[in-house]
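Using the sequences and the accompanying hints, generate a full structural model.
Quick note, the sequences are listed as chains L and Y, same order. Under my numbering, the first sequence has 116 at position 116, and the numbering climbs by one with no breaks. Under my numbering, the second sequence has 57 at position 57, and the numbering climbs by one with no breaks.
Because the hints were derived from the structure by calculation, they are not lab data. Among the hints, a few may not be true.
[Said to hold, decoys possible] Below, a list of computed lysine to any residue pairs in the SDA-like style, where the Cα atoms sit at most 25 Å apart:
# : chain 1 : residue 1 : chain 2 : residue 2
1 : L       : LYS53     : Y       : ARG171
2 : Y       : LYS199    : Y       : ALA18
3 : Y       : LYS227    : L       : PHE94
4 : Y       : LYS53     : L       : ARG17
5 : L       : LYS199    : L       : ARG17
6 : L       : LYS199    : L       : ASP25
7 : Y       : LYS53     : L       : THR166
8 : L       : LYS227    : Y       : ARG85
9 : L       : LYS53     : L       : ASP25
[As the list claims (entries may be wrong)] Here chain Y is said to cover these stretches of chain L; the calculated rule only asks that three of the stretch's residues, wherever they fall, bring their Cβ under 8 Å from a Cβ of chain Y:
#  : stretch
10 : 28-36
11 : 135-146
12 : 176-185
Backbone N, C-alpha and C define an ideal beta-carbon position, used for all residues, glycine too.
2 protein chains.
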Amino acid sequence: MATNPTLDLLMNRASVRAYTDRVPDDETLATLVRAGQQAPFAYQCCSVILQRKGPFAWQAPLRLLVCADLHRIGLIAARRGWRTRTNDLQLLLFAVQDAAYLAQNMVIAAESLGLGTCYIGSPLVTAAALRERCQLPPKVLPLVGLVLGYPAERPAPRPRYPLDFTLFEERYPELDEDAVAEAMRVMDEGFLAEDYYRKLGTMVAPEGREETLTVDDYSWTEHISRKLQWSPDPAPMLAGLRACGFDLAGAGEDA
Amino acid sequence: MATNPTLDLLMNRASVRAYTDRVPDDETLATLVRAGQQAPFAYQCCSVILQRKGPFAWQAPLRLLVCADLHRIGLIAARRGWRTRTNDLQLLLFAVQDAAYLAQNMVIAAESLGLGTCYIGSPLVTAAALRERCQLPPKVLPLVGLVLGYPAERPAPRPRYPLDFTLFEERYPELDEDAVAEAMRVMDEGFLAEDYYRKLGTMVAPEGREETLTVDDYSWTEHISRKLQWSPDPAPMLAGLRACGFDLAGAGEDA
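Below, the structure is given as structure tokens:
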């Protein structure tokens, strides 16, 4: 594998779940968001709400709420005498990309400045409430929270699937039992070696079943499998999206 | 603003739309995807198809097709005796984030190795056809293409909105006429200064109206506004998603 300081930074980064009390200063925060803005794919359909009033996950001192934002481009189009007609589904799936590319640039920028970060996925689930709290205009969807601060832990990088379980050439292969088993082994042994779930103090309950595992054998593949039992009904998320002005089955404004 | 080599790289990067014939070698490609995998938010619901058979946008020698991928986690859950029950909408919006964070890490890694990249948004629109061509299993959605290669141009970083048009504190403000006008000025003057649309050789036709602009005054805000007239009907994209196994209004498998 090739190596250089940027690759080292990308390869060695891990999410931080313990922070000191020190609050990043305004210049640092401005630097992060500017680096985020410079990400490509720039319809710039994303904005960031700096949240200072916690509590936030992992007792982080701050959270950046990253939003998919079609509001500002709508204002701009209106000033040019146009109305937005593209359907909401397409707008959303492109704006989510804008927002995620910006967010990931902020993660890298933060790492380069000695800050720790952790993505928090819940804003998408609590979108309607966040819309009220942050007074979001229509067509702005809270996508992901990025808590950040100065790390009080230095975790090693976490395991990932084998490369040949993620990178395929020309066609998606049939993944045989051995390939799946090897991917599971790498993930589970990696998290167990770090004592990850014991330190986290969380095991997801096995919905509708007796618990048969302990923190000595509960690991990543079981954790994710159990989470995949949650939220079978799309109605709450569809309602949150509608509250934020996105109707995924609806036609564009003038269609 | 703070500065360091990683921040310089993030701030100076620009999408490349002209490439040499040199094909990145396998070790380089493996390095990029490994760096991508190390991105956070890791349900790892994303995979990458290396495409060598062009032609690709901007005559790039290669394309990495980044997919939101719920197939592998489904195989793993099955091996653990679980079925995926989470609704497709939620799965998709989280998998798209996984995929985008991976993709953006690849962009940064490529830049650090002297490669140029450009995101191509069309795979989301042509998902059903790509599914056939790449033999994607159900629950794998082509999200974005990343063309890459060695740059035959060195564009300066492109303009972005003023920071105070993107970063807000606690609440989304009412954006007044002056703020919108200033954001438009920065974007339009920046792209005109680069002669961007003249070099690109493209102006989007003004749907249903007479053309009143030339490459001397056509710029970013008009370009985006005109694109926002496209695709008022969500049916084609909904059909593409369904072809790839995602029913956004449907309940989870066992709901």
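Now for the hints, and whether the structure bears them out:
1. L:LYS53 to Y:ARG171: holds, 12 Å
2. Y:LYS199 to Y:ALA18: holds, 12 Å
3. Y:LYS227 to L:PHE94: holds, 13 Å
4. Y:LYS53 to L:ARG17: Roughly 43 Å separates the two Cα atoms, so the pair is violated.
5. L:LYS199 to L:ARG17: holds, 10 Å
6. L:LYS199 to L:ASP25: violated, 30 Å
7. Y:LYS53 to L:THR166: Holds, at roughly 19 Å.
8. L:LYS227 to Y:ARG85: holds, 9 Å
9. L:LYS53 to L:ASP25: Holds: LYS53 of chain L and ASP25 of chain L sit about 15 Å apart, inside 25 Å.
10. 28-36: holds (count 7)
11. 135-146: Our answer is that it holds, as 6 residues pass the Cβ test (under 8 Å) against chain Y, meeting three.
12. 176-185: holds (count 4)
The earlier numbered hints that this structure contradicts are 4, 6.
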